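All chains should be built: construct the whole structure from the sequences, respecting the hints.
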Amino acid sequence: MRKLFTTLCMMTLVSWGIIAQEIDITGEVKTGFYWEDKLRDGQSSSEKTPQTSKMHNNDDAGSGLGRFRLNVDLTKGNLGFMFRIEQTGMNEPAPDWPYAFGYINLYDDQFKFSVGKLGGGSPWSTGGPEMWKELETVMGVRFEYKPSFVPGLNVGAVLNGFDKYAEQQAEATLTDYLNETVFGVRYDHEYFGVRFEYRLDSDIDTLRPLDEGASLIYRVEERILTKYLPGFQIWANGNYTGISAEEEAINFVNWLYIQYAPENLTAQLRVGYDVISNRSILHLRPSFYYNFFSNLLNVGTSFQFAQDFGEGKVVEDSPFSYWNVEPKVQVNFGSAYTAFVFHYGMEYKYRDDPSHPKWGPQEQMKWLNIRFGYTF
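Going left to right, the sequence shown walks through residues 10 to 385 as this note's numbering numbers them.
What the hints contain is simulated information worked out from the structure, not anything from laboratory work.
Only a predicted model underlies this, so the values are computations on that prediction, with no experimental measurement involved.
Watch out, some of these pointers could steer you wrong.
Derived lysine-lysine pairs resembling DSBU-like cross-links, with alpha carbons at most 35 Å apart [as the list claims (entries may be wrong)]:
{"#": "1", "residue 1": "Lys375", "residue 2": "Lys337"}
{"#": "2", "residue 1": "Lys358", "residue 2": "Lys322"}
{"#": "3", "residue 1": "Lys57", "residue 2": "Lys358"}
{"#": "4", "residue 1": "Lys367", "residue 2": "Lys322"}
{"#": "5", "residue 1": "Lys85", "residue 2": "Lys126"}
{"#": "6", "residue 1": "Lys236", "residue 2": "Lys155"}
{"#": "7", "residue 1": "Lys322", "residue 2": "Lys375"}
{"#": "8", "residue 1": "Lys236", "residue 2": "Lys57"}
{"#": "9", "residue 1": "Lys155", "residue 2": "Lys63"}
{"#": "10", "residue 1": "Lys375", "residue 2": "Lys63"}
{"#": "11", "residue 1": "Lys142", "residue 2": "Lys85"}
{"#": "12", "residue 1": "Lys142", "residue 2": "Lys337"}
{"#": "13", "residue 1": "Lys337", "residue 2": "Lys63"}
{"#": "14", "residue 1": "Lys47", "residue 2": "Lys57"}
{"#": "15", "residue 1": "Lys375", "residue 2": "Lys142"}
{"#": "16", "residue 1": "Lys47", "residue 2": "Lys358"}
{"#": "17", "residue 1": "Lys322", "residue 2": "Lys337"}
Listed below in structure tokens is the structure:
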């Protein structure tokens, strides 16, 4: 059935592509070679976890051999269709469709309606880099209003299905669906930009306490500092879940980014602060990369450190939650690249195993990833 759906969709898209006035096609292919070695403190060489070697790219390319991704935007006049297909495993019966929807722009592009499987092209998304998130990720209708008298403003709402499994979905009422509505606001100015998206939560799709509550994502950024120091920028994004729910459902994730990226280098500091129920985590992630020979060669490293606090702290009195260092050398060939990345770090993990009382909670991790990628 899934193969038939994919075939019908591809036939429709080919037909639409023939009559479309503009076709924008982008995508990427990622794979690589991955080697991993783990060791718990207190383990002997005979007890150590075996080393792992496989074809894999761990730079956001799924858990399998790699990933193929194709993004297509077809437009004809004020009509358009956007979709993404991707394949991350060789044994999958058909590609995944993260999003596929049609849209129409009306009244000098002041109104936009999008219908289909949403999850791409949202004007209110977090925009990365640590967090790429939208709150409308299922079948639905998205409405956007961009008033001509307030340039840069985008407000709207989304009527969609349930974002979690609904055990009694067949008995859902109109009120249940309305209680899953998403509201979004975005404003882009010469000196700053803001995005907010808020999703209501109905009771029908709540099967456990952690699924309760509304959700909020945001992005704020300044755009004036680069006028005085070219390449300098500060922005932040975040995700709040479990709003107005029980205390154990609360989950706040926030990131602040400070970046200096002139012509030949990129220096960045990422500061994260998470609140997950009764546990808080502070993350520090500085990185520095330099470009040689007109971006033919990139060389640099990143460092990550985190400490957790609160009653939910994984290991009491631990001096850190995790730390690691990742030197990287990348060679670029136009749209293709090869990267060599080595990772070494430590992490405290909860352990309660009476069969190995001498094993400590600290885990040492080493991995090497030779990455291959192509973007188009």
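**Message:** For Lys375 and Lys142, compute the direct alpha-carbon distance and say whether it is at most 35 Å.
**Reply:** 29 Å, holds
**Message:** Against the 35 Å threshold, does the CA-CA distance of Lys358 and Lys322 hold or violate the hint?
**Reply:** The given pair, whose Cα atoms are some 10 Å apart, holds under the 35 Å limit.
**Asked** Does Lys63 lie within 35 Å of Lys337 when you go C-alpha to C-alpha?
**Response** Given that 35 Å is the threshold and the Cα spacing comes to 20 Å, the pair holds.
**Prompt:** Is the straight-line distance between the alpha-carbon of Lys367 and that of Lys322 35 Å or less?
**Reply:** 21 Å, holds
**Message:** Check the hint pairing Lys142 with Lys85 against an upper bound of 35 Å on the C-alpha distance.
**Reply:** Distance ~28 Å between Lys142 and Lys85 Cα, so the pair holds.
**Message:** Holds or violated: Lys322 and Lys375, Cα atoms, limit 35 Å.
**Reply:** Between Lys322 and Lys375 the Cα gap is close to 24 Å, so the pair holds against 35 Å.
**Item:** Pairwise hint evaluation, Lys155 against Lys236, where the allowed Cα distance is 35 Å at most
**Value:** Since the Cα atoms of Lys236 and Lys155 sit roughly 27 Å apart, the hinted pair holds (cutoff 35 Å).
**Asked** Hey, Lys85 versus Lys126, does the alpha-carbon distance stay inside 35 Å?
**Response** Distance of about 20 Å is within 35 Å: holds.
**Request:** Take a quick look at whether Lys375 and Lys337 sit within 35 Å of each other, Cα to Cα.
**Result:** Judged against 35 Å, a Cα distance of about 14 Å means the pair holds.
**Item:** Given hint Lys63 paired with Lys375 - CA-CA distance at most 35 Å
**Value:** 15 Å, holds
**Asked** Straight-line Cα separation of Lys57 and Lys358 no greater than 35 Å?
**Response** 16 Å, holds
**Message:** Please verify whether Lys142 and Lys337 have alpha carbons no more than 35 Å apart.
**Reply:** Roughly 27 Å between the alpha carbons, so the hint for Lys142 and Lys337 holds.
Violated hints, in rising order: 8, 9; the structure is consistent with all others.
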